[in-house]
Amino acid sequence: MSCIPAAAARVVLVTGVSRFLGARVANTLQSDPGVERVIGVDTVPPTASLGRTEFVRVDVRTSGIAETISSARVDTVVHLGLAPLGAGSKEPNAVGSMQLLAACQRSPDTRKLVVRSSAAVYGSSPMDPAVFTEPDEPVEAPTSGYARDAVEVEGHVRGLRRRRPDLVVSVLRFANFLGPDVDSPFTRYLRMPVVPTVLGFDPRLQFVHPGDGAEALRRMTVEDHPGCYNVAGDGVLLLSQALRRAGRPYVPVPSPSLSTLGDLGRRFAGLSGFSPELLRWLTYGRVIDTSALVRELGWRPEYSSEEAFAEFAASDGGMLDRLGAVLGGGRP
Amino acid sequence: MSLDAEVIPLDTARRQGTPEPDGLLDRGLAFLRRRLAGDYEVDEFGFDPEFNGTVLLPLARALYEHWFRVEVSGIENIPSGGALVVANHSGTIPVDALMLSVAVHDHAGRDLRLLGADLVYQVPVLAHLARKAGHTLACPADASRLLAKDELVGVFPEGFKGVGKPFAERYKLQRFGRGGFARTALESGVPIVPAAIVGAEEIYPKIADLRSLARLLGLPYFPITPTFPLLGPLGLVPLPSKWLIRFGEPMPLDGHDADDPAAVSNVTDHVRETVQRMLNETLELRGPAFL
Numbered sequence: 001m002s003c004i005p006a007a008a009a010r011v012v013l014v015t016g017v018s019r020f021l022g023a024r025v026a027n028t029l030q031s032d033p034g035v036e037r038v039i040g041v042d043t044v045p046p047t048a049s050l051g052r053t054e055f056v057r058v059d060v061r062t063s064g065i066a067e068t069i070s071s072a073r074v075d076t077v078v079h080l081g082l083a084p085l086g087a088g089s090k091e092p093n094a095v096g097s098m099q100l101l102a103a104c105q106r107s108p109d110t111r112k113l114v115v116r117s118s119a120a121v122y123g124s125s126p127m128d129p130a131v132f133t134e135p136d137e138p139v140e141a142p143t144s145g146y147a148r149d150a151v152e153v154e155g156h157v158r159g160l161r162r163r164r165p166d167l168v169v170s171v172l173r174f175a176n177f178l179g180p181d182v183d184s185p186f187t188r189y190l191r192m193p194v195v196p197t198v199l200g201f202d203p204r205l206q207f208v209h210p211g212d213g214a215e216a217l218r219r220m221t222v223e224d225h226p227g228c229y230n231v232a233g234d235g236v237l238l239l240s241q242a243l244r245r246a247g248r249p250y251v252p253v254p255s256p257s258l259s260t261l262g263d264l265g266r267r268f269a270g271l272s273g274f275s276p277e278l279l280r281w282l283t284y285g286r287v288i289d290t291s292a293l294v295r296e297l298g299w300r301p302e303y304s305s306e307e308a309f310a311e312f313a314a315s316d317g318g319m320l321d322r323l324g325a326v327l328g329g330g331r332p
Numbered sequence: 001m002s003l004d005a006e007v008i009p010l011d012t013a014r015r016q017g018t019p020e021p022d023g024l025l026d027r028g029l030a031f032l033r034r035r036l037a038g039d040y041e042v043d044e045f046g047f048d049p050e051f052n053g054t055v056l057l058p059l060a061r062a063l064y065e066h067w068f069r070v071e072v073s074g075i076e077n078i079p080s081g082g083a084l085v086v087a088n089h090s091g092t093i094p095v096d097a098l099m100l101s102v103a104v105h106d107h108a109g110r111d112l113r114l115l116g117a118d119l120v121y122q123v124p125v126l127a128h129l130a131r132k133a134g135h136t137l138a139c140p141a142d143a144s145r146l147l148a149k150d151e152l153v154g155v156f157p158e159g160f161k162g163v164g165k166p167f168a169e170r171y172k173l174q175r176f177g178r179g180g181f182a183r184t185a186l187e188s189g190v191p192i193v194p195a196a197i198v199g200a201e202e203i204y205p206k207i208a209d210l211r212s213l214a215r216l217l218g219l220p221y222f223p224i225t226p227t228f229p230l231l232g233p234l235g236l237v238p239l240p241s242k243w244l245i246r247f248g249e250p251m252p253l254d255g256h257d258a259d260d261p262a263a264v265s266n267v268t269d270h271v272r273e274t275v276q277r278m279l280n281e282t283l284e285l286r287g288p289a290f291l
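Chains as they are written, first to last, in my numbering: chain A, 1 to 332; chain B, 1 to 291.
Keep in mind the hints are simulated off the structure, nothing from the lab. The beta-carbon is built from N, C-alpha and C at its ideal position, and this holds for glycine as well. Hints are not guaranteed to be accurate.
[Said to hold, decoys possible] So the derived list for chain A, only partly shown, Cβ under 7 Å to chain B, looks like this:
| hint | residue |
| --- | --- |
| 1 | Val-131 |
| 2 | Leu-199 |
| 3 | Phe-201 |
[Unchecked claim] Residues of chain A clear of chain B, computed beta-carbon distances all greater than 12 Å:
| hint | residue |
| --- | --- |
| 4 | Arg-57 |
| 5 | Ser-144 |
| 6 | Arg-164 |
| 7 | Val-198 |
| 8 | Asp-234 |
| 9 | Leu-243 |
| 10 | Leu-264 |
| 11 | Gly-298 |
| 12 | Trp-299 |
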C-alpha cells in the first residue's frame, strides 16, 4: 500500500478538459482540499461549467503547453487528451501526447503524471485469453487508430519513466466509458436506428461509468499509486444482451458487409463509420481484470458494467420505455 | 421486494385455474421474456448457465441418450472442488466434447469448462456458442483462472491430432502436446481426473484427408468418410455408435514441481498411459461398435 498523500502545494494540469471525462475530473479535483489550483487545457472551449478550474485554450501539439506547465509551476499532470474521437484523430492523440510528455520531462516542478490509456491496447482477437491482466501483451498488436495511439503513448510514457525515475507515473487502462453524458464511437454506434452486429459473434463487453473513472483518476492524483492499472466496472455484458436490455433493434450482418456499410455511412451520411478496432471489438470483445486496481486503492467502481450501461440507456430517450419494462420485470 | 408481494397472488390464482401444462407454458414464456429482455447473467468467460441448461444441453442430450446411448461409469471420481479432466479426443468432428459435458452435467451436477482450440473462436456462431456453453480458449491463463475459481476444467491434450486421426488409428492416443495441461494442474494444485471416451471414433470414420482443400479452407484437415461428401449433407449425420464414458480415479500430483520440465513430462506420460489403459479396458467392455 502506498496511499501516502503526495507532497503539498498542488498545481494540477488537466488536458482534454473540454470532454466529458475532463470536466468531471477537473470538478472533482478542485473540490479536493489538497489541490490548490486546477488548470484545464484543451483545443476547444469547454461546454460544461468548469467552476474554479482555470481554462487555458492551448493546442497540446504546440510548445504552448510547455510554457503553461513552466509558468504555472505545475507539479501534477493528468493527461486525458488521449481519447477516441472517431476517424482521423491521430494527430492530437499521439503527437500531442509526445509534446506533453517532453514538457513534463523538462519541467523541474513536475513530480507526477497520470495518464488515461485504454484497454484497447490489448487488442481483440480470437486467440486472446478470456481475461487480460496488466502484464499481458496483446496477442495481435493493434495496428490502427486509437488503440495504436494508446500503445504508442504508453511506450513514450515508459521512456519518460526511464529518463525521469523521480516521477510518480500512473497509467490507467479504461474499459469503454458509458454513462449519460458520454459521446464516443461506441455510443454513436448504439444510437443507430437499427444496430448492425457481427453475424455469428457475440462479444463480451465491459463498461466503466465516467463518475468512477473520475474517482479513480482523482485517487491516482491525490495519492501516490505508481504503475499500470485496468479500470472497468464489475461484470460482463454480451453485446446482444446489452442491446436487448436497451430495447434496441439489431440485425446481424456478415462482418465484411458491416465494414462496407460503415464506409458508406461515412462517405454519404456523415457518420463516423466503423474503425477496424471497433469492428474487432464488436467481433471478439475483450475483458480486463481489475483486481490490481481494487487491491491498490482499496476501492472498486461503484457502477458495474451492467449499471453503467443501464444508466446510459436510461438517459437516452428512445431507450427509456423498454428499459423501464425490463427493470419492472423485477430483478431484486 | 414489494413487487414480489404483488406478483405472488396473481401467479397462484393462475396456477389454481390450470395446473401443470400451463405451468410449463408459463415457464417457457417467462424464459423467452427473460431472454428477449436480456435479463440474465454471464460470467467473465461469457458462460450463460441459463441458455446452456435450457437450450444447448437438451439438444446435446437428445443425441447423448437416443443416438449414442452413452453409459457413464466412475462418476464418483469427479471431486467437488477444482480439477482437470483429461480425456482422449476423436471423431473427426469433436462431438465427444459435447457428450462429455452432458455426462458431467447430468451425472455429477457440475458444469464442465472445456479448453478449446483457437479455431473454435474464429468460426462464426461456434465462437459465441462455445463461450455461452462455458468453454474457453486452451491457454494457461484461462485454465489457471478457472481452476482458481474451483471449476471443473476439461482438456483434450491430443487436440486436432486426436480428433482428426484416420480411422485405422482408432483408440491409439496421439502425442499429448507439450504437457501444458500437466504444468497448469501442478501450478494450480488440483488433481487430474483421467477420462476415456469410447464410441466417438466410429461416428465419422475418416478414411482419407484432402490436405490441399483443407489448406485452402484454413482447416486442420478435410475428411473423407464413407458417407461424406458422397451423400452430401446426409453424410454429416454421425453413425450411431454405442458410447461408454469412464472417469478414472483422481491422480494427486503432490511432490511434483511445476517448474521442473522432467516432472512435467513424467506427469504427462503417466496421465497418457493411464488414459490409454482405461481406453483399452473400456473398449473391450463395450464389444461391438454399433449394438
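Hint by hint, here is what the structure shows:
1. At about 5 Å, the closest approach between the beta carbon of Val-131 (chain A) and any beta carbon in chain B falls short of 7 Å, and the interface hint on this residue holds.
2. With its C-beta approaching chain B no nearer than about 6 Å, Leu-199 (chain A) sits inside the 7 Å limit, and its interface hint holds.
3. A hinted interface residue such as Phe-201 (chain A) counts as satisfied when its beta carbon comes closer than 7 Å to some beta carbon of chain B; here the least separation is about 6 Å, so the hint holds.
4. For Arg-57 (chain A), the non-interface assignment is confirmed: its Cβ lies about 42 Å from the closest Cβ of chain B, beyond the 12 Å cut-off.
5. With a minimum CB-CB distance of about 20 Å to chain B, Ser-144 (chain A) clears the 12 Å threshold, and the non-interface call stands.
6. No Cβ of chain B approaches the Cβ of Arg-164 (chain A) within 12 Å, the least distance being about 33 Å, so the stated non-interface status holds.
7. Residue-level check failed: Val-198 (chain A) sits 8 Å from the nearest beta carbon of chain B, not beyond 12 Å.
8. Distance check on Asp-234 (chain A): its Cβ comes as close as 9 Å (rounded) to a Cβ of chain B, failing to clear the 12 Å threshold; non-interface status is violated.
9. Not every CB of chain B is more than 12 Å from the CB of Leu-243 (chain A) (nearest about 7 Å), against its label as outside the interface.
10. The claim that Leu-264 (chain A) is not at the interface with chain B holds, since no C-beta of that chain comes within 12 Å of its own (minimum 22 Å).
11. No Cβ of chain B approaches the Cβ of Gly-298 (chain A) within 12 Å, the least distance being about 22 Å, so the stated non-interface status holds.
12. Consistency note on Trp-299 (chain A): stated as away from chain B, and its beta-carbon is indeed over 12 Å from all of that chain's, at 20 Å minimum.
The structure fails hints 7, 8 and 9 (numbered hints given earlier, in ascending order).
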